[in-house]
Amino acid sequence: MVELVCLKPVLLVIAAILTSVGLGFSIAAIASPSWEVVHMREFQTEHHHGLWLDCARNVKTITSNGEQINLYGKTHCTYKFDYTYGESAMLDDSVPDSENVTHLSYKVFHIAYMIMIALSVISGLTTITVIVGTCRYRNSVTPILLFTMTSLMSTALSSGVFGSYFFVSHSSENRFIKGVTAIYDTDFGDAYYFEQYATYSFFFAFAIGMLLLKLLKYFVNFKSKLSRKLPGASTYSVPESNKPQPFLPVPPYHQFYPEQNLQPPHFIKKLPKSPASEVDFHSQPHMLTPSQEPFLRNYSFPKSSVSSTSSVFASLRSYDADTVSRASISTSNSQTPLLLGLETMV
Numbered sequence: 001m002v003e004l005v006c007l008k009p010v011l012l013v014i015a016a017i018l019t020s021v022g023l024g025f026s027i028a029a030i031a032s033p034s035w036e037v038v039h040m041r042e043f044q045t046e047h048h049h050g051l052w053l054d055c056a057r058n059v060k061t062i063t064s065n066g067e068q069i070n071l072y073g074k075t076h077c078t079y080k081f082d083y084t085y086g087e088s089a090m091l092d093d094s095v096p097d098s099e100n101v102t103h104l105s106y107k108v109f110h111i112a113y114m115i116m117i118a119l120s121v122i123s124g125l126t127t128i129t130v131i132v133g134t135c136r137y138r139n140s141v142t143p144i145l146l147f148t149m150t151s152l153m154s155t156a157l158s159s160g161v162f163g164s165y166f167f168v169s170h171s172s173e174n175r176f177i178k179g180v181t182a183i184y185d186t187d188f189g190d191a192y193y194f195e196q197y198a199t200y201s202f203f204f205a206f207a208i209g210m211l212l213l214k215l216l217k218y219f220v221n222f223k224s225k226l227s228r229k230l231p232g233a234s235t236y237s238v239p240e241s242n243k244p245q246p247f248l249p250v251p252p253y254h255q256f257y258p259e260q261n262l263q264p265p266h267f268i269k270k271l272p273k274s275p276a277s278e279v280d281f282h283s284q285p286h287m288l289t290p291s292q293e294p295f296l297r298n299y300s301f302p303k304s305s306v307s308s309t310s311s312v313f314a315s316l317r318s319y320d321a322d323t324v325s326r327a328s329i330s331t332s333n334s335q336t337p338l339l340l341g342l343e344t345m346v
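Residue numbers for the sequence shown follow full-length UniProt numbering, so the first one is 1 and each next one is one higher.
FYI, nobody ran anything at the bench for these hints, they're computed from the structure. One or more hints might be untrue.
Only pairs whose alpha carbons sit at most 20 Å apart, straight line, appear in this in silico DMTMM-like list of lysine to aspartate or glutamate [what the hints assert, rightly or not]:
hint, residue 1, residue 2
1, LYS80, ASP190
2, LYS60, ASP185
3, LYS178, GLU67
4, LYS214, ASP82
5, LYS80, GLU46
6, LYS178, GLU42
Let the sequences and hints guide you as you build the complete structure.
This is the structure:
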């Protein structure tokens, strides 16, 4: 368990770094317009199509000393919601401008991908918050479980975006752009690879969460097996929750004083007193014979066992005494009256 305590913060820090990297890539992917890139040579322009933003810039290729050099101009960007349905409806489908408007306008998958990436970013922020909360609840499994679930959600959303975009972008209406004299094939831009890197980062963070859960399960099972074999082994382990531990039961009375062989007072069964027949040897010493008086005054009767009473009778039989019906004798330990029935001594 000590190894887990030392390994857990290291793994959580690595998971937080991976989640932060995934968040950065996801934000860059949704902000970048370079999901699809096409170089239209006849227009000497390069088009970048994003989820909500489209950009274009001039690209001229010149030859100098037998080498081709590309000269890039300024980038001009336009929001997709700036294009209206009326403008695209007035264009003929056979002209290149109509084809360009088709790629520039909003589509259903653009909105769906923006929502999914936004949810993955929110889930990633929740993951980092849970990791920070794990420092407060160090001995609880719940933060690690929540961290694993949020990492899985971010991984699923990001992988759904870049996986489905791979197939959507390869469809004929999205992959090819028709020009005046040629048809151009689009390529993946930087934003697509950003989202792919974000998916990998979220996945590795999720793998760390699964590893922590597996280690916790292993150490808990190991501790339970060890505690069954060695009862004191669980004493040195870290508690699994921060709840206050219950009070230990108070040991019995005789465990505090094992040497004195005493019993608590509530174990003493007092015999009912009979005023008519009760005789106190200490208050009425004249009723004792000279041979019994020093013995009874100096004898200490233990409370713990009945065998001590029988030993008194055995000792009294060795003396010549008169008949004593009942006696109330005070013990030297607690001054508790103990009534004893004495037999007739010969």
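- Are the Cα atoms of LYS178 and GLU67 separated by 20 Å or less? 29 Å, violated
- Does the alpha-carbon distance linking LYS178 and GLU42 stay inside the 20 Å limit? It holds: about 11 Å lies between the C-alpha atoms, which stays within 20 Å.
- Item | Holds or violated: LYS214 to ASP82, with C-alpha atoms at most 20 Å apart | 52 Å, violated
- Query: When you check the alpha-carbon spacing of LYS60 and ASP185, does it fall within 20 Å?
  - Reply: OK: LYS60 and ASP185 at ~19 Å, within 20 Å.
- Query: Does the alpha-carbon distance linking LYS80 and GLU46 stay inside the 20 Å limit?
  - Reply: Roughly 17 Å between the alpha carbons, so the hint for LYS80 and GLU46 holds.
- Message: Tell me if the straight-line CA distance from LYS80 to ASP190 falls inside 20 Å.
- Response: 19 Å, holds
Violation of the numbered hints given earlier is confined to hints 3 and 4; the remaining hints are satisfied by the structure.
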